[in-house]
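Peer 1: As given, the protein sequences belong to chains A, B, C and D, one line each in that order.
Counting from 69, one number per residue, gives the positions in the first sequence under this note's numbering.
Counting from 69, one number per residue, gives the positions in the second sequence under this note's numbering.
Counting from 69, one number per residue, gives the positions in the third sequence under this note's numbering.
Counting from 69, one number per residue, gives the positions in the fourth sequence under this note's numbering.
No lab work stands behind these hints, which were simulated from the structure alone.
Predicted model, so just to flag it, every value in this text is computed and none were measured.
Please note that the accuracy of each hint is not assured.
[Stated by the list, open to error] Subject to a maximum C-alpha distance of 20 Å in a straight line, what follows is the list of computed SDA-like cross-link-like pairs (lysine to any residue):
1. C:K139 to A:L159
2. A:K504 to B:N243
3. B:K141 to B:N243
Letter by letter, the chains look like this.
4 protein chains.
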Amino acid sequence: MIWDSSLHEECGVFGVFNCHNAADLVYYGLHSLQHRGQEACGIVSTDQTDFYVEKGLGLVTEVFNETKIAKLKGLNAIGHVRYSTAGGGGLENVQPMYFRHHTGNFALAHNGNIVNSSELKRYLEDTGSIFQSTSDTEILAHLIKKEKHDSNRILAISTALNMLEGAFSFLIMTNNKIYACRDKYGLRPLSIATLNGGYVISSETCAFEVVGATYLRDVEPGEIVIIDNDGLHSYFFSQYQRHKMCAMEYIYFARPDSDIEGQNVHTFRKESGKLLYRQQPVEADIVVGVPDSSLSAAIGFAEESGIPYEMGLIKNKYIGRTFIQPSQALRERGVKMKLSAVTSIIKGKRVVLIDDSIVRGTTSKRIVKMLKEAGALAVYVYIASPPITSPCFYGVDISTYEELISAHKSVEEVREIIGADSLVFLDEKKLYEASKRCELCTACFTGKYPTALYQSYKEANKDGKF
Amino acid sequence: MIWDSSLHEECGVFGVFNCHNAADLVYYGLHSLQHRGQEACGIVSTDQTDFYVEKGLGLVTEVFNETKIAKLKGLNAIGHVRYSTAGGGGLENVQPMYFRHHTGNFALAHNGNIVNSSELKRYLEDTGSIFQSTSDTEILAHLIKKEKHDSNRILAISTALNMLEGAFSFLIMTNNKIYACRDKYGLRPLSIATLNGGYVISSETCAFEVVGATYLRDVEPGEIVIIDNDGLHSYFFSQYQRHKMCAMEYIYFARPDSDIEGQNVHTFRKESGKLLYRQQPVEADIVVGVPDSSLSAAIGFAEESGIPYEMGLIKNKYIGRTFIQPSQALRERGVKMKLSAVTSIIKGKRVVLIDDSIVRGTTSKRIVKMLKEAGALAVYVYIASPPITSPCFYGVDISTYEELISAHKSVEEVREIIGADSLVFLDEKKLYEASKRCELCTACFTGKYPTALYQSYKEANKDGKF
Amino acid sequence: MIWDSSLHEECGVFGVFNCHNAADLVYYGLHSLQHRGQEACGIVSTDQTDFYVEKGLGLVTEVFNETKIAKLKGLNAIGHVRYSTAGGGGLENVQPMYFRHHTGNFALAHNGNIVNSSELKRYLEDTGSIFQSTSDTEILAHLIKKEKHDSNRILAISTALNMLEGAFSFLIMTNNKIYACRDKYGLRPLSIATLNGGYVISSETCAFEVVGATYLRDVEPGEIVIIDNDGLHSYFFSQYQRHKMCAMEYIYFARPDSDIEGQNVHTFRKESGKLLYRQQPVEADIVVGVPDSSLSAAIGFAEESGIPYEMGLIKNKYIGRTFIQPSQALRERGVKMKLSAVTSIIKGKRVVLIDDSIVRGTTSKRIVKMLKEAGALAVYVYIASPPITSPCFYGVDISTYEELISAHKSVEEVREIIGADSLVFLDEKKLYEASKRCELCTACFTGKYPTALYQSYKEANKDGKF
Amino acid sequence: MIWDSSLHEECGVFGVFNCHNAADLVYYGLHSLQHRGQEACGIVSTDQTDFYVEKGLGLVTEVFNETKIAKLKGLNAIGHVRYSTAGGGGLENVQPMYFRHHTGNFALAHNGNIVNSSELKRYLEDTGSIFQSTSDTEILAHLIKKEKHDSNRILAISTALNMLEGAFSFLIMTNNKIYACRDKYGLRPLSIATLNGGYVISSETCAFEVVGATYLRDVEPGEIVIIDNDGLHSYFFSQYQRHKMCAMEYIYFARPDSDIEGQNVHTFRKESGKLLYRQQPVEADIVVGVPDSSLSAAIGFAEESGIPYEMGLIKNKYIGRTFIQPSQALRERGVKMKLSAVTSIIKGKRVVLIDDSIVRGTTSKRIVKMLKEAGALAVYVYIASPPITSPCFYGVDISTYEELISAHKSVEEVREIIGADSLVFLDEKKLYEASKRCELCTACFTGKYPTALYQSYKEANKDGKF
């Protein structure tokens, strides 16, 4: 997928404990997680006495410079990249969030989405809390402080986490510890590595490479890993543990060089391309993938089918975030600034087009049209995932049934709308085969949500959301 | 190739004649040519009475906004993207250059490099000229104005162009005409397309797609195409005409979706990958290309050999131009911000690594090391071009013998330096086969320069350049 | 006074109720209050349903542009300018602060300083609150929400305000009301004006002029003025009411065109200049005031004495906040970028130098030296306020005894240090005469604080503060 | 005067020869000359081998930072501040201009305006020159290079300067010399000072103070002062020498702490205020000056008349250059952001309002209205200069008769238009008395131009200019 109107991951987190140049390392780590969020980022560090905070709107390379990094003193630091400005954008929602309290200041960074946030917010406000952001993260901070376990901090955190329902990977940094927590369903990834006697925690393993850290293990579902000067300590806040990893991490979000719970992402995608061909073979002249995320699947398809892979679509590398608003007559052309079809490759060919998923269908329609205008004799569309039929409540930016073309249309109807000569979606079961797992969260394909969904979502439904 | 220390193209030009929203169109066109120069850009437009100039340092999307585009009135406009700040950087060298003269103001944009610029500058200064920039472009303006052919402008331009030796594709815009000129050797590309009764001129055909223009023909070597309200007029300033297109345009510079003198660039590269395998077959487990420019060749190699293509190297999409200066201990890691090896793919494999060219050898060395650290059993390096042994004087940023590893080392020595298990360069003759041409400028591989090189280069040699 | 090392006011507030273009008006109002704080500013508006927040570091004209103002919808808005980044700078402390609560969101803007903030913070944290900023303002929000008077908001606010000890002028904006509150001592100004059926509230009356509002009355000490669609309502949260207006507002902070509790500031200052001469007449050739704040006093002195006023010191109008760091040899000259002595006026003259106050004495020393180097035969220094001998806890940036030259030195010692030929401070009693008031807070001159000072200040004392 | 619609000086120049930190010193010097031009600035330095150029749009403190200053190596440097973007704005007109030529590169900085620039440009273009800027400065460069006196540079410069008609103070910097040149009429100031064995040249003496230099002498009309390692050398390029210093330098442009040809500017202005009162005494309650430029005259008037000076108009110190565009209803109020009347001072008073000059009359009209709205019983306007009746061709931004109210209206008519109760202009003869000179350029008051005006101005007249 390529267009702005598509899926968005909400966040990535990265932490460093007991390493020289901790903020430098977080800077590099966040840069490797930049694909998980480009709207805002921040780093909080501590020298075990004071905390230092630097945050801003924009890419890691835009928000930080040497002066700011130099201010982030200490051997411990956590950072965050964020996509969404959902819930009222603005700087007050940029993470990590930093809280002051006489029993000890702390910082929080969060990847995921809490399903019962309205209920918890109401409960907290009724007992005297007020909120400055619309972020779920602030809720956890209040919950922790509401607990009368100041002498036993792990108990306070554990009790608080048990009140949260939904998807989360949290980093909590106090002056001398980092707590790495993962929801009991295991919906979002969180991994730990070692580096020169210290530790590194990251949403994805691809960020370990850049800082030279060695992968150690994942944080388990329902686990709090406490990192302090004595090393790692494990504490399970829940005995209910599943491995419902978000399938979209494999299909679209994660970087191809990341391993998620042991399976490499590129390998998953290439395998899904092979399975696609086996699911429904086709005769064609060339295989074309939608850059960048569908490249692996397209290569797998080409390899399995023997149909040559060609670079029939080119993405402009210099896409900035501030295009000029094209005059009305040029709007259609403006679209081509991002992606163009290569006429001399496409012309007179039967094209297999590989994409990772279809959300609204508008993108696929444009690309098929682009290929046909470039002279394609036929366009056979293969999607390396099942039809998306349900919203996600765990941190992916699909919030309504309405926007999902497959929630309302059959495969044949979608095919007709996008103008393809054929349309094939990967079977849901094949996701397990490609990922070599027996559990996954496939709620967006099946509507089977692993968690409760609470009142707020019923209300959302009344407003026509679902 | 990926590192900053590699080859740089100097420029791209784009012009529009008699189209509504001319400056908008040039904006889109330049954005499609951004790979030819990222340091600076500019647009000059005219409404047949006045000229409007907007220029700046940075990417097209950074320099221009709606306000600036709106100031660029008129139906005619030319633009320029520039890599080099060579010759004294600074805004005075940013193109297009605009000149005022009572016989008619005009703007110039230039892609290429003039070999006898010092000789011409001295001649012009001796007859009263002074120069504000260090750019070759200013020389042409002075030469045109020195000619006493004001009543016959095409004669003045023609006489001036005949004094220039070297590589050039010039756009000259007066209040009611655009002159598109190409050197008699045909070293740099320049193509023309039609759009709603108007005309579009571009360094590469990939830029036609975004503005919806239809390719018409190339400007011929030694030709001036005059575009005015009566349409196109052809004038040959030289009867000596060759087709010595720069081979590096095919190998590295041009975008894969461009056609250069009739041959698609991606197709050339994929073919060169096939030829590489045929030239020296190998047994291996996976084929890995260095992103982004070597992808086409790698896919060709994989297709021809049957060895599976894998995404073993990942490029970070969010590379900005302003990284923080990493602390000394982290400098090596800083390098990994741009490119990383995927351990789970590489580990235990015999890897064929495809790159488009080797300049200094330092990049190749780093990548081979990276792959071996990721667990590659063997790394067989295949380069989709011959060894670069000579500097380029026609607009590519290779100015000294010293920096060229193949100018001093044998293939075997280079193999040892970069740590590869084998090293194969494409035969020079294969370039003709892949491009389906019988003429190319391969001076950087052979030292056979198509033009004279003049005194200044002899002097350069004394300083140890060659 | 002119140097950066001098006194700083902490804040200014401005609010608009039921006026079209409310945010525009606040923008103009804050611009008129810019002298009260240049580090940061913000505006929160409400259309009675939603709230809109825009804040940033910098001057009003730097932080806001048309796009941002356009986002601030609604007929009601409050704004804030801030000097200090004390207490941890950073964006989290920029006001107005905005709080979300299911019983109604609200925004707060504060001018002043709370004396018992540590005590209140501890109390609030012990009952479950956590803090994100170090600002006093957040304390009031928590106090209000702790109160179980949600059905009776004025009671909740009143109870909360009664827990605060210190100086404050608060604006509290809910979706349909603005509460304008002033501490019971009346330490900081807050005035109300009418505008086209709506209301305007401002720290200083000078801001009414720019928006075309008509002064109505001051908020009284201990009063909450509630502004809603039915007009103004008065509520007194305290029966203890004094008029201890900060003398420094007259002497230095306020703009000369403001009236503070009925007395024009320029008139006060001019009068203080006259009183200075009457207090100790002198024979001299010219009177020179330190620009800009001492001009009024100097003119009063000249008028009373008959000694001609001359522009012997010139302030550079183009002082930016980002001077280059001068090389060591030039540091002394760098100082002159702000202020220079006019040799042709000063030379051979006996100079009366008028300044508004002396804090550290370093500034006065430099100016006297500058005048003598310019040829002054004698420099008689007259200060239009008494010696500052005690820190301020009510929002002025004098926090330690140490920095105050008059806390440790006699007038004669100060005279010698600054190199003056004579030195006269205005008698404290004359402040009452100039202001035509019988009450003022003159704690910084007398050490007689109108409020309790609490534990935290005793602790501060241990660290050597006082 | 205060409004943007008023008079603008075009430029200021500053040079340093043989001083350590030359570029630092020029930075400070230009900052002191900032009032002569706020639109753009630049510095060129030389280490006697290479030249270094840094220029930009904006204030000195905005364009330069430590990095840029550090790049400006060498002991010699010249700089320029510029008001006007007249003639096509843009960076190509920012000075100093730098020219490359094999006989020696050089930089030029210019204050003034050349009257015969079109004639010279045509002559130069006819002999082969082309122009990139619209600046007069480029003309001088071409003229110098046209001269065949390369072996005798002073002869080339001298011949070139003799071709220029108009007002100029030029600095010409070669690799080892600075030439300081002043037109034969002496229309624009240029002074020299010494500093630690080196030399400093400045448009105004106020800039010497900040760098610690000691005033030596003025460059004489028609003189070229050559500064090289042997010291100062004087060369007169013209035997016709007058002292027609621009009267507006005294009245409005120059900083009050500058001395122009021996007379201090503040002293001139104060004297003009005294002369105004003597010219036509008045009975009134207070004297108010329009800040900032009319303060000196107002104080003189108050002193002479015994009427007390009051600060009845306040200028906002924080005027930025980027106000938001106020909504239509607020435009009138937007004006008040710059200046406000102090009601409590003005109310019920008969006000003498002192301003330095009247150009269009719109400003005076607004101020009189503002004072009356604030309750002034009467407003007696005194202008410290004669009526401006003619355009200026020597570098002041008054280019048409049309815009000048006094070119078309009698004093009584102007009085009525601006709504004053009386209006007095200073007699032209009094300017000589205040300046203690017998020569001045008063062309804008009298129409008696000291130079020829050439064809181009006749043409301008046809277009209705005069």
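Peer 1: Between the alpha carbons of K139 (chain C) and L159 (chain A), is the straight-line distance 20 Å or under?
Peer 2: holds, 15 Å
Peer 1: Given the proposed pairing of K141 (chain B) with N243 (chain B), does the C-alpha separation stay at or below 20 Å?
Peer 2: At roughly 12 Å apart (the allowed maximum being 20 Å), N243 (chain B) and K141 (chain B) satisfy the hint.
Peer 1: For the pair supplied as a hint, K504 (chain A) and N243 (chain B), confirm whether the alpha-carbon distance does not exceed 20 Å.
Peer 2: violated, 67 Å
The structure fails to meet hint 2 from the earlier list, while all remaining hints are met.
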